[in-house]
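Asker: Spelled out from the first residue to the last, the chains are:
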Amino acid sequence: MLLCALLSIIFLFLMLLFIAREGMQALLTFGMDFVTGHVWDTNLNLYGALPLIYGSLMVVAGALMVAVPLGVATAIFVEEVLPFSLRDLIKSLIELLASIPSVIYGFIGVLFLAPRVASIFGLSSGTVALTASLVLAVMTVPTIVSISGETIAAVPKEYKEAALALGATKWQTVKDVVIPTAKSGILASVMLGFGRAIGETVAVLMVAGNVAMIPTPPWNFLSPVYTLTAVIAMQMGEAAIGTLEYSALFGLGLILFIITLIVNSLADILVKRGVKRLGG
Amino acid sequence: MKRGMVVKANKGISTLTAMLGMISFLIIGLVVGHYMSAFMQGENGASYPQEFEEDVAWRTSGITISGSTTVLPIANACAIAFMNKYPHLDRLKITVQGGGTGVGYSQVIDGVVDIGMASREPKTTEIENARNKGVDLWLHPIALDAVIVVVHPSVANSSYPLSLTLQEVGKIFAGMYTYWDEVKPGLPHKEIEVFVREPGSGTRGTFEEYTMHPWKYNVTARAKVRGSNPDVKRSVENTLYSIGYVSFGFVSENMHVVAIAKEAGKPYVYPTISSIAKGEYPISRYLYLVTRGQPRSGTLSDRFIDFVRSREGQQIVEAHGFLKLPYFYYTP
Amino acid sequence: MAGKISEKVFFAILGVPTIICLAVFLWITSILLSGIGTLRLDLLTTSVLKGGFFEMIVGTAYLLLGATGVAGPIGVFAAIYLTEYARHGRLTRIIDQAINNLAGMPSIIIGLFGYTFFCRQLGLGISLAAGWLTLALMMLPIVIRGTEEAIKMVPNTFKEAALALGASKWETTKSITLPSAAPGIITSVLLGIARVAGETAAILFTACVLVTRGLPKSPFEPVMALAFNLFVKIVALGEPPEKVFGIALILFLLVISFAAVGIALRIYYRRKQPWLR
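Protein chains in written order, with the numbering used here: chain W, 1 to 280; chain U, 1001 to 1332; chain S, 2001 to 2277.
Hints are computed from structural coordinates only; laboratory data are not their basis.
Accuracy of the hints is not assured; some may be wrong.
Said to hold, decoys possible - Label-pair ranges, simulated between beta-carbon atoms: (1) W:L222 / S:I2013: 25 to 31 angstroms; (2) S:W2170 / W:L46: 39 to 45 angstroms; (3) U:A1264 / S:S2030: 55 to 61 angstroms; (4) W:L57 / S:T2046: 42 to 48 angstroms; (5) S:K2272 / W:K272: 26 to 32 angstroms.
Claimed, not checked - Covered stretches of chain U, going by a simulated chain W footprint (3 or more residues, C-beta under 8 angstroms): (6) 1215–1225; (7) 1232–1242.
What the hints assert, rightly or not - Pairs of lysine to aspartate or glutamate, EDC-like flavour, derived with a Cα cap of 20 angstroms: (8) U:K1123 / U:E1209; (9) W:K272 / W:E245; (10) S:K2004 / W:D176; (11) S:K2004 / W:D41; (12) S:K2050 / U:D1090; (13) U:K1216 / W:D41; (14) S:K2152 / S:D2096; (15) S:K2050 / U:E1312.
The structure presented is a predicted model; accordingly, all values stated were derived computationally and were not measured.
We put the beta carbon where it would ideally sit given N, CA and C, even for glycine.
Produce the entire structure from the sequences given, and follow the hints as far as they go.
Answerer: Written out as structure tokens, the structure reads:
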């Protein structure tokens, strides 16, 4: 049983080990340029991941700009405003949204969302960063709703009752008591949402346009981008085992691994801190 | 409180039982699945061709095919047609995976798959790799394809057709022109939108071999990468002032096809079935199935390749928008 | 009074995002259901070779059953250890952290790892078995977390009663804790299945092929699966939407029904635990 429990550590460690081992060649060849290089081109055998890292971060930032307000507001509404009987129903529906497979999000994104984005903004092709961000936002909202919802629900009743007894309105209670108390949990939910969004592969690949270039200007959401995950999925099949390209793809995997590890650990700490403060 | 416990204990759904249940479910699933698939294949096993009955090995063997995404639809459809031809031979199995031309070559060389799919001839590194491992690569042409340069109708159309030399095409894709009217006077003063295929793509390899490599051009960083022929097709159709290249089968009415000349002064050739088959249109290529050495006669690999090159296989090739082989390769 | 009204308005505005979320869900569902016309029931039992979906559906089922067979027991035992046996300290904290990190790991990374480790290092090749192990890695954290929650919900008084009657710790776990937690465990397994049923990135390089004849006859053969075929058909083969609508719809219904049953069961048992009332 101890072994079963240890398996998750063992596999996490093996993952790091094997991905790092395969990615070593690229890292040794390019050094820091692997992360800061501007050119990702298989024909030139040059692998600089900056445009891809930028693409990932840009798409995710866009997604969070939509998903965080949407998600947090939904969480507050569901936990504080909705009557108890409706709460589970709405929460379940939002959770169902999370369980829709990403290939289906991609399917809908490319067939229905991208053409609309194209016609609204007068673009020739709707597979751009904005579309990817919108698809990702929908995929991230449930994570944010469920985690921040949990912490909002965990705010002790006594706090709220005390505020209400002091004559605060319900909205003041929410604004001045509930949100500050649940702050670290909400932040954690954003972190986890970030982690989920940056690791999303198939849906993003299908709608992001896949161009390994930093857009001009860099905040232009109407230009196509290529993300870390999409490059791995697209080029893995094309790369022959043992080549520099193959290794570079694992290098990208390593970057992604480290990003997620940091983000998840931060979220973990935030959740724990929130729990501690609530005396849970 | 106690009552709850008693009820629970009586129910006795221990997790272990649940797990056993799941495992038996798995086994039942496997059995039912097999029964059903056997049943389904039995249904249409009534009539089957009686040819090739003399040797037996191929009837129970399985082969795996991987490689070029360009050849993938052909191989996919041919594998399905071939297996459907012998519904009673349920151990005859052709498995098709994707990958890419590079993967196809490397897996054939390493013996991981039986047949590779390639949309270009092997690179010198791939030939060396094969030689080092003592492998002879055999290339079996199965279809002919041309890479067609296409532009959005906003650039040119049937009343104002566009024709370019290979080098001019190369310059456009290398980003040496920014506006269309720099290419040829009379074209619109609009920025050129360039669509290319992803690195490693066979279509891109063929295209660059003829239009970029002779002048050592590199694709402009402004080019938008698309992951497949249909993607480039959609993009060029929907993007004003765009240019791109697709396989022959992906040309549509919503785009304008560019006539190409080998060099200035030579005739501009419009890609047609006959101009491509005669080799007049300059950017064309064969699609290949690749094997490790010559496949032994009568083996499944041999029969499958023969099938793809038979009349039936070539019909599939044409149905997927490629050109069938010229007569000297064709084995009706 | 004015405060009251403005508050109502405020809460109403707060409700808009919720409505947006639900509207998006309905939009997606309605798009997919609009494709139901292209789906004929007989295609479900027709071979892929004849234009049906049979092998993809059964292949998906094989993948899910195998992954459950691996992740289920391991997850349950890990959860038992963590809740009932482990002393809380440094080790459990690290394990906890690792489980969270595994849960948050992108599926493409798990797929990459599965490819280097299961397919190449362990020599499984592109096979059902490699797919099982890779998907199991994704299910594991969900099963562990769900089982932990279910076990924690079992009141201590139950266990204490058993222990007082002279039962050993394992006997107590086996015949008191686990049966009481069984519904919760099964729920967590269902949610785990829902998580991996539509997974594409993890099986992209590890388990799936575009076409083959029949179903795998051993775990060392590759399979066809709904999610993978949908992806390849759109991205690599560029098939028109109406040809893939059927697969998308089946996949959607499959995943949504697992998730819906899982979520409904979880709510039911959270509410109906008799000892919590």
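Asker: Next, verify each hint and record whether it holds.
Answerer: Hint by hint, here is what the structure shows:
| no. | hint | in the structure |
| --- | --- | --- |
| 1 | W:L222 / S:I2013: 25 to 31 angstroms | 29 angstroms, holds |
| 2 | S:W2170 / W:L46: 39 to 45 angstroms | 59 angstroms, violated |
| 3 | U:A1264 / S:S2030: 55 to 61 angstroms | 57 angstroms, holds |
| 4 | W:L57 / S:T2046: 42 to 48 angstroms | 45 angstroms, holds |
| 5 | S:K2272 / W:K272: 26 to 32 angstroms | 30 angstroms, holds |
| 6 | 1215–1225 | holds (count 7) |
| 7 | 1232–1242 | holds (count 6) |
| 8 | U:K1123 / U:E1209 | 11 angstroms, holds |
| 9 | W:K272 / W:E245 | 40 angstroms, violated |
| 10 | S:K2004 / W:D176 | 17 angstroms, holds |
| 11 | S:K2004 / W:D41 | 61 angstroms, violated |
| 12 | S:K2050 / U:D1090 | 14 angstroms, holds |
| 13 | U:K1216 / W:D41 | 15 angstroms, holds |
| 14 | S:K2152 / S:D2096 | 15 angstroms, holds |
| 15 | S:K2050 / U:E1312 | 17 angstroms, holds |
Hint check: violations occur at hints 2, 9, 11; the rest are consistent with the structure.
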